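Colleague: Below are the chains, spelled out letter by letter.
There are 2 protein chains.
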Amino acid sequence: MTLESVFSASDYQSIVSINIFIVLLSACIVIGHLLEENRWMNESVTALVIGLCTGGVILLTTQGKNSKILVFSEDLFFIYLLPPIIFNAGFQVKKKQFFRNFMTIVLFGAVGTLISFVIISLGAISLFQRLGFEGLELGDFLAIGAIFSATDSVCTLQVLNQDETPLLYSLVFGEGVVNDATSVVLFNAIQTLDLEHLDSMIILKFIGNFLYLFASSTLLGLFAGLLSAYIIKKLYFGRHSTDREVAIMILMAYLSYMLAELLDLSGILTVFFCGIVMSHYTWHNVTESSRITTKHAFATMSFIAEIFIFLYVGMDALDIEKWRIASQSPVKAVSISSTIIGLLMVGRAAFVFPLSYLSNLSKKAGRPKITFREQVTIWWAGLMRGAVSIALAYNKFTIWGHTQLPSNAIMITSTIIVVLFSTLVFGILTKPIVRLMLPKRHLTREVSINSDPPSPKSIFTPLLNNDQEVEPVPDTNQNMLRPSSLCMFLTIPTRSVHHYWRKFDDAFMRPVFGGRGFMPIVPGSPTERSVHDGELA
Amino acid sequence: MTLESVFSASDYQSIVSINIFIVLLSACIVIGHLLEENRWMNESVTALVIGLCTGGVILLTTQGKNSKILVFSEDLFFIYLLPPIIFNAGFQVKKKQFFRNFMTIVLFGAVGTLISFVIISLGAISLFQRLGFEGLELGDFLAIGAIFSATDSVCTLQVLNQDETPLLYSLVFGEGVVNDATSVVLFNAIQTLDLEHLDSMIILKFIGNFLYLFASSTLLGLFAGLLSAYIIKKLYFGRHSTDREVAIMILMAYLSYMLAELLDLSGILTVFFCGIVMSHYTWHNVTESSRITTKHAFATMSFIAEIFIFLYVGMDALDIEKWRIASQSPVKAVSISSTIIGLLMVGRAAFVFPLSYLSNLSKKAGRPKITFREQVTIWWAGLMRGAVSIALAYNKFTIWGHTQLPSNAIMITSTIIVVLFSTLVFGILTKPIVRLMLPKRHLTREVSINSDPPSPKSIFTPLLNNDQEVEPVPDTNQNMLRPSSLCMFLTIPTRSVHHYWRKFDDAFMRPVFGGRGFMPIVPGSPTERSVHDGELA
Chain A
1 MTLESVFSAS DYQSIVSINI FIVLLSACIV IGHLLEENRW MNESVTALVI GLCTGGVILL
61 TTQGKNSKIL VFSEDLFFIY LLPPIIFNAG FQVKKKQFFR NFMTIVLFGA VGTLISFVII
121 SLGAISLFQR LGFEGLELGD FLAIGAIFSA TDSVCTLQVL NQDETPLLYS LVFGEGVVND
181 ATSVVLFNAI QTLDLEHLDS MIILKFIGNF LYLFASSTLL GLFAGLLSAY IIKKLYFGRH
241 STDREVAIMI LMAYLSYMLA ELLDLSGILT VFFCGIVMSH YTWHNVTESS RITTKHAFAT
301 MSFIAEIFIF LYVGMDALDI EKWRIASQSP VKAVSISSTI IGLLMVGRAA FVFPLSYLSN
361 LSKKAGRPKI TFREQVTIWW AGLMRGAVSI ALAYNKFTIW GHTQLPSNAI MITSTIIVVL
421 FSTLVFGILT KPIVRLMLPK RHLTREVSIN SDPPSPKSIF TPLLNNDQEV EPVPDTNQNM
481 LRPSSLCMFL TIPTRSVHHY WRKFDDAFMR PVFGGRGFMP IVPGSPTERS VHDGELA
Chain B
1 MTLESVFSAS DYQSIVSINI FIVLLSACIV IGHLLEENRW MNESVTALVI GLCTGGVILL
61 TTQGKNSKIL VFSEDLFFIY LLPPIIFNAG FQVKKKQFFR NFMTIVLFGA VGTLISFVII
121 SLGAISLFQR LGFEGLELGD FLAIGAIFSA TDSVCTLQVL NQDETPLLYS LVFGEGVVND
181 ATSVVLFNAI QTLDLEHLDS MIILKFIGNF LYLFASSTLL GLFAGLLSAY IIKKLYFGRH
241 STDREVAIMI LMAYLSYMLA ELLDLSGILT VFFCGIVMSH YTWHNVTESS RITTKHAFAT
301 MSFIAEIFIF LYVGMDALDI EKWRIASQSP VKAVSISSTI IGLLMVGRAA FVFPLSYLSN
361 LSKKAGRPKI TFREQVTIWW AGLMRGAVSI ALAYNKFTIW GHTQLPSNAI MITSTIIVVL
421 FSTLVFGILT KPIVRLMLPK RHLTREVSIN SDPPSPKSIF TPLLNNDQEV EPVPDTNQNM
481 LRPSSLCMFL TIPTRSVHHY WRKFDDAFMR PVFGGRGFMP IVPGSPTERS VHDGELA
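Taken in order, these protein sequences are the chains called A and B. UniProt numbering numbers the first residue of the first sequence as 1 and each following residue consecutively. UniProt numbering numbers the first residue of the second sequence as 1 and each following residue consecutively.
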């Protein structure tokens with residue numbers, strides 16, 4: 001009686017949908033927890049399978065009329081689900097590892113994605129006609145290249161361990177973020193590209209625009225993060241309440257993403273760098289309870305968003321409307337899907353091995369190189385395609401989630417087949433392959449299963465983990481480092497860049513924006529509070 | 001370039017709106033923080049004023065065409081904003097105080113709201129005609145009674161302190177929750193009531209239905225809370241990750257609300273009791289970091305939702321469409337608003353003082369009674385009208401937020417005037433009046449301002465606060481209490497009821513659902529983890 005009369009019929013339906021969705025999300029979490037030790041399964045695959053099953057049940061109960069309880073919407077995906085995932089990625093990343101491998105990551109994420117895009121586009125142009133698939137224009141082929149260049153490394157990251165294989169983890173992870181940004185930027189650039197009058201001037205402009213987007217998005221993210229650090233440091237929010245600090249951090253992070261979208265920049269890059277800056281400065285300016293809360297609240301939001309996406313994709317896969325149109329040529333859809341899967345395997349191999357070789361060449365002696373086994377793991381990690389591909393495909397080949405054109409319907413179903421196949425088959429094989437490629441990992445992992453959570457998620461461990469990479473409190477160690485800095489400069493330049501960055505950070509950035517060990521202890525400030533609370537505990 | 005081309009024009013507009021809204025929310029938090037020590041202002045008033053100013057600016061920049069960046073939607077309010085506020089209320093409430101005053105709270109919240117409803121409805125019927133306001137039917141008058149019975153005690157709760165005036169706080173707070181539920185249930189019951197054939201049978205049925213809704217909503221909330229406790233206790237989520245625990249708690253809480261809506265029960269009551277059960281059982285079954293995270297994450301969500309609502313109401317107040325219709329009779333709108341304000345002051349006085357008298361009568365000697373000064377504070381605390389009134393008024397007098405009927409437009413503008421006036425004028429006067437009525441509070445407050453946050457929000461204090469009301473660990477104190485229990489039974493029956501509840505809780509409930517001191521310490525269980533982590537810290 002309560003709200004049903006308030007809501008119209010369509011809203012009553014949306015209440016039913018929300019209920020089903022929440023139950024399914026809970027089921028995914030519980031089942032994912034129960035299968036945690038399983039050799040083959042992971043959370044993404046579980047969510048995808050549950051989504052598929054639910055779609056099947058709905059399809060049966062509605063007598064084949066409908067399979068989804070929500071229409072796939074790019075807005076929902078790009079505005080609400082993606083930002084928390086990317087922000088959390090930046091917030092939890094090990095900054096030192098990430099920046100040490102920064103060049104390699106950009107090489108893989110940007111140059112690699114471009115190589116992959118070219119190979120998939122050219123492959124599609126030359127192969128699709130032989131398969132008898134007509135009706136696509138040059139713009140469509142380029143879009144296909146961009147759509148299938150967007151990898152989904154969630155599956156692999158769930159299996160890799162940040163502590164055991166730090167280099168590999170930071171490469172796979174960093175590439176994933178830069179790749180997402182690159183493929184979305186690429187996709188949109190193609191949409192506005194004038195394909196009729198293509199000359200070198202336009203291509204140069206295109207590349208310039210691309211670099212501008214990267215730089216300005218990054219700067220915006222850095223700015224938003226620093227602003228939040230400055231506001232919280234100046235105003236001592238903790239003096240009044242932890243809730244205000246947490247709220248300001250959440251709102252500023254989301255604002256950075258939405259501002260980037262407003263200014264036509266890449267929100268993914270912006271919110272990622274905002275997360276990095278927030279964990280380096282802002283996080284150290286808040287109370288102890290705010291630190292624990294933000295750490296876990298961001299991780300939880302990201303976790304729920306990830307499951308939500310896979311559940312959604314699973315459910316959407318059985319959408320009867322598209323299958324009905326595509327079913328007039330089922331062989332065609334399957335042959336196109338397998339062609340695309342072949343192309344993306346080749347396209348990825350075409351840049352992972354050469355670029356790894358380049359990256360190893362440029363590395364000084366003594367720095368860890370990317371072994372062949374690690375190269376294979378990196379190659380494998382980027383074979384899965386996920387929600388970004390689906391969102392882009394929907395944008396290109398449908399109007400508001402619907403399509404009537406046979407060629408478009410086939411492209412949508414092919415995208416879904418590629419996503420399902422790669423996530424299910426490649427996803428299930430990921431754990432065994434990673435264990436085969438990195439056997440030493442296997443051993444340490446088995447030991448750790450019974451004593452500790454696989455990722456550092458219990459109290460205070462995350463706090464320690466995040467900081468153990470940072471050198472001891474600056475005041476005391478600056479003098480110690482100075483004698484050897486000239487020698488370091490001669491042998492390992494990158495190390496020295498890091499050293500100068502730290503000096504700059506300590507001298508200019510931290511006094512203004514706060515950060516570890518740089519919050520002055522004043523009465524009523526967060527630092528004093530947390531010291532005081534520490535005693536309470 | 002990135003997403004603009006992906007989004008249609010209307011979605012680009014929505015990105016602008018989201019940006020403005022996030023900036024305004026952040027501004028409210030910062031300004032609210034700066035004004036914290038101010039004698040007159042509070043967060044609600046700040047948000048309302050900022051909302052009004054923004055509405056004004058938008059009105060000017062669009063040359064009087066538009067004042068809102070979002071259309072007020074009941075869905076947004078009832079499905080997304082209200083649940084976190086009410087759930088957090090249940091989660092953070094001091095359970096012992098709440099249940100000790102349970103009868104008084106229900107008396108005020110349910111019976112009091114009914115008395116207020118009758119007085120406002122009858123007053124409107126007799127007075128509106130004299131003001132020359134025609135066009136309303138009996139159903140409309142009853143709806144007006146329900147709309148203006150919904151109080152908004154957020155302002156007062158921001159001023160009262162749970163530790164200094166526990167009785168008063170729990171009464172004002174508890175009444176607020178029960179009142180929200182009662183007025184929404186009442187409002188919907190009226191919508192379905194057959195006013196043509198009103199007889200005693202229908203009224204009896206109405207009352208029976210009302211009681212059924214109360215009981216079943218409460219039971220559903222208890223069930224959802226216990227289920228979450230059981231799942232988390234059985235499966236030891238903490239063994240794998242804190243994120244899963246937090247995610248399950250958030251999802252189960254929201255599920256309880258949506259299930260209640262699905263079953264046509266009162267979601268407000270359900271989610272409130274779910275919050276109480278979760279803080280009594282579930283919260284004790286999770287890791288230490290999950291406890292801190294949930295405590296603050298729920299409070300933050302509730303905090304953001306509250307500010308959002310006031311901002312929204314402030315912006316919506318300047319909606320030009322309604323004012324244009326109502327401006328044909330501006331005197332009428334003002335006279336009707338002031339009549340309603342008078343009625344609600346009388347309607348509230350008509351139950352606060354008699355029911356306080358009744359409640360005092362029934363209390364045994366030695367138990368704290370409600371003093372006259374406290375009665376005045378309670379009366380004052382319920383004079384503000386807020387978002388619930390606006391949401392109900394929109395539902396009754398508009399179709400999808402629009403109206404053309406002059407009488408409906410006048411009712412909407414009158415509701416907005418009442419909400420603005422009561423929140424701004426009464427809201428600003430609340431701090432001085434509470435200090436005048438409870439002078440001893442004033443003193444302790446001044447002292448505490450510089451040393452501690454006004455509400456217990458720093459690390460570990462919330463954990464201590466939540467539990468200090470609970471007697472020491474059951475195992476040790478049960479034997480101590482036993483000798484005196486017969487004596488207690490004779491003199492203070494309610495105390496004894498509480499004692500038997502504790503015995504039942506310790507013997508049956510806690511072993512099954514967990515809870516304070518009742519989690520077995522097994523290897524890898526959350527309890528062991530938190531003990532271990534405590535040592536790390």
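FYI, nobody ran anything at the bench for these hints, they're computed from the structure. All of these numbers come straight from a predicted model, not from anything done at the bench. Just so you know, not all the hints are guaranteed correct.
[To be verified] Here are some chain B residues the structure puts well away from chain A; computed CB gaps all over 12 Å:
#1 Ser26
#2 Leu52
#3 Val57
#4 Ser126
#5 Ile232
#6 Arg244
#7 Leu255
#8 Glu288
#9 Ser289
#10 Val334
#11 Thr339
#12 Arg367
#13 Ala507
[Unchecked claim] If you want the footprint, here are the derived chain A segments under chain B, 3+ residues with CB under 8 Å:
#14 45-59
#15 429-439
[What the hints assert, rightly or not] Pulled a few chain B residues facing chain A out of the computed Cβ check, cut under 10 Å:
#16 Phe237
#17 Ser290
#18 Met345
#19 Val346
#20 Pro368
#21 Ser407
#22 Lys503
#23 Asp505
#24 Met509
Each residue gets a CB set at the ideal place from its N, CA and C atoms; glycine is no exception.
Colleague: State for each hint whether it applies.
Modeller: Structure-based check of each hint:
1. Ser26: violated, 5 Å
2. Leu52: Given that every Cβ of chain A is farther than 12 Å from that of Leu52 of chain B, nearest at about 21 Å, it holds.
3. Val57: Val57 of chain B is indeed farther than 12 Å from all Cβ atoms of chain A, at 18 Å.
4. Ser126: holds, 28 Å
5. Ile232: The claim is violated: Ile232 of chain B sits with its nearest Cβ about 10 Å from chain A, within 12 Å.
6. Arg244: Violated, since 5 Å does not exceed 12 Å.
7. Leu255: At about 5 Å from chain A, Leu255 of chain B fails to clear the 12 Å cut-off, so the statement is violated.
8. Glu288: Per Cβ check, Glu288 of chain B is inside 12 Å of chain A; nearest 4 Å; violated.
9. Ser289: violated, 4 Å
10. Val334: The claim stands: Val334 of chain B keeps its Cβ more than 12 Å from every Cβ of chain A (closest is about 29 Å).
11. Thr339: The assertion about Thr339 of chain B holds, with a minimum of 26 Å to chain A.
12. Arg367: holds, 33 Å
13. Ala507: Its Cβ never comes within 12 Å of chain A, the nearest being 28 Å, so this holds.
14. 45-59: The restraint on the region 45-59 of chain A is violated, since only 0 of its residues have a Cβ under 8 Å from chain B and three are required.
15. 429-439: violated (count 0)
16. Phe237: Because about 6 Å separates Phe237 of chain B from the closest Cβ in chain A, which is inside the 10 Å limit, the hint holds.
17. Ser290: With a minimum Cβ separation of about 7 Å from chain A (threshold 10 Å), the hint on Ser290 of chain B holds.
18. Met345: With a minimum Cβ separation of about 28 Å from chain A (threshold 10 Å), the hint on Met345 of chain B is violated.
19. Val346: This interface hint is violated because 28 Å lies over the 10 Å limit.
20. Pro368: violated, 29 Å
21. Ser407: This interface hint is violated because 21 Å lies over the 10 Å limit.
22. Lys503: violated, 32 Å
23. Asp505: Interface hint status for Asp505 of chain B: violated (26 Å vs cutoff 10 Å).
24. Met509: violated, 22 Å
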